[in-house]
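2 protein chains.
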Amino acid sequence: MRVEFRLSGSGGQGLLLAGIVLAEAAILDDKNAVQTQSYGPEARGGSSKAEVVISDEDIDYPKATDPDYLLALTTDAYRTYGSIMGKGLVIVDSSVRLSDEIKARTVSVPILATAAEKIGKKVVANIVALGVLGGLSKAASRESLEEAVQSRVPKGTEGLNLSALRAGFDLADLAMAQPDYRRATAASPEAALEDARTARRNARRGENDGRYR
Amino acid sequence: MRVEFRLSGSGGQGLLLAGIVLAEAAILDDKNAVQTQSYGPEARGGSSKAEVVISDEDIDYPKATDPDYLLALTTDAYRTYGSIMGKGLVIVDSSVRLSDEIKARTVSVPILATAAEKIGKKVVANIVALGVLGGLSKAASRESLEEAVQSRVPKGTEGLNLSALRAGFDLADLAMAQPDYRRATAASPEAALEDARTARRNARRGENDGRYR
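Here the protein sequences line up with chains A and B, keeping their order. The opening position of the first sequence corresponds to residue 1454 in the working numbering, with each subsequent residue numbered one higher. The opening position of the second sequence corresponds to residue 1454 in the working numbering, with each subsequent residue numbered one higher.
Hints were generated in silico from the structure; no laboratory data involved. This one's a predicted model, so the numbers in the text were calculated from it and none came from an experiment. Careful, some of the hints might be misleading.
Which copy is meant is left open, because identical chains are indistinguishable; a pair holds if it fits in one copy or across any two.
[Stated by the list, open to error] Okay, derived cross-link-like pairs now, DSS-like style, lysine-lysine, Cα gap no bigger than 25 Å in a straight line: (1) LYS1556 to LYS1540; (2) LYS1556 to LYS1516; (3) LYS1556 to LYS1574; (4) LYS1574 to LYS1540; (5) LYS1574 to LYS1516; (6) LYS1591 to LYS1540; (7) LYS1556 to LYS1591; (8) LYS1575 to LYS1608; (9) LYS1608 to LYS1540; (10) LYS1574 to LYS1608; (11) LYS1575 to LYS1540; (12) LYS1575 to LYS1516; (13) LYS1608 to LYS1516; (14) LYS1556 to LYS1608; (15) LYS1575 to LYS1556.
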């Protein structure tokens, strides 16, 4: 199965690194992966975009053509890439203003606030986002994501970044409890309800004292 | 004009970073660029491959289909990717054993030895290689490469990496003085001779005391 990710936001948010880590984690799981960073007109105006394609098969075309997951950390990125989303799920930061004109399934999670307030470092928002993508897509295992994070982040920041990843996984559980996500993915109303219960339970567990360590 | 690069070697040689810096330098020159890292069967067996496409136009297909420049830092990478080279130039490290079976134009330059001995740090071989690619291709300006190197390498290592880049540019001059390169690129025998003279002069100038600073 081929899974396509598009990670978008502003320059300096570290989305290229998040894409690299996601691709490397998939490889640790014995999958194929291609990571692409495009620069130029489409990535200008303060926007940044990285893509990852993960597949059990060979990857002929390395770019996302109909992303399964769009991450948008800024309103600009959301408007630019959300408007061309098809079947996939849009994951926006809570600071993004949603638009009725964008019809794709959308969940909103506090990625930037989690990095700044729970982890205490804005710069790890990319790794929080990575945890969200990993938790929602399961395209790479949690163990492999942890390993890939440790091998790619600057020395001395491994612990901080692993906390950020864990916080991201908890946010993914929260996202799965949102109506939009359940409607789109649950097989039946009963399954949706059970999904939401599990997700809330998991989310609560991760927030026992409001801090991630 | 579209210029395609394939950077190959072993994992851990930092070719992904070299590709990222090359793409970012092209952007500083107001060109378009796409940087791709593929993982999976083709990149296994200890080999690593990163690609960069730079163009004045929009880039429709982001992968190298007929690379203009193949960098191969290991014999394995040279054999894997050299055998599928067409019109482009192969740039190998001096430690690579050349094969008669690979018919592409080839130059051999001491990238790894320059990093280890002249700069004193093996790990900057990727940035030496970047200087070689920049000097040979001119797909990104030297000023932009310097700026991109400074913004992407770990804090505190900027000076070291700028020395590595400069050493790479000097190696590019040496490469241009090699017969294979001249035969392929010079418009006339007189031009070839003049190219070689200039290159040797530049190379000597960079080696005044055998150290790059």
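For each hint, the structure was consulted:
1. LYS1556 to LYS1540: Answer is within: at 10 Å inside a copy they meet the 25 Å cutoff, but 47 Å across does not.
2. LYS1556 to LYS1516: Classified as within: same-chain Cα gap 22 Å, cross-chain 31 Å, threshold 25 Å.
3. LYS1556 to LYS1574: For LYS1556 and LYS1574, the Cα distance exceeds 25 Å both inside one copy (33 Å) and across copies (53 Å).
4. LYS1574 to LYS1540: neither (33 Å within a copy, 49 Å between copies)
5. LYS1574 to LYS1516: Answer is neither: 31 Å inside a copy and 35 Å across each miss the 25 Å cutoff.
6. LYS1591 to LYS1540: within (17 Å within a copy, 42 Å between copies)
7. LYS1556 to LYS1591: Result: close within a single copy only, 24 Å intra versus 44 Å inter.
8. LYS1575 to LYS1608: both (18 Å within a copy, 18 Å between copies)
9. LYS1608 to LYS1540: For LYS1608 and LYS1540, neither the intra-copy (39 Å) nor the inter-copy (41 Å) Cα distance is at most 25 Å.
10. LYS1574 to LYS1608: both (16 Å within a copy, 18 Å between copies)
11. LYS1575 to LYS1540: neither (31 Å within a copy, 47 Å between copies)
12. LYS1575 to LYS1516: Classified as neither: same-chain Cα gap 29 Å, cross-chain 33 Å, threshold 25 Å.
13. LYS1608 to LYS1516: neither (31 Å within a copy, 31 Å between copies)
14. LYS1556 to LYS1608: neither (42 Å within a copy, 43 Å between copies)
15. LYS1575 to LYS1556: Neither. Shortest intra-copy (30 Å) and inter-copy (51 Å) distances fail the 25 Å Cα cut-off.
Hint compliance for this structure: hints 3, 4, 5, 9, 11, 12, 13, 14, 15 are not met, and every other hint is.
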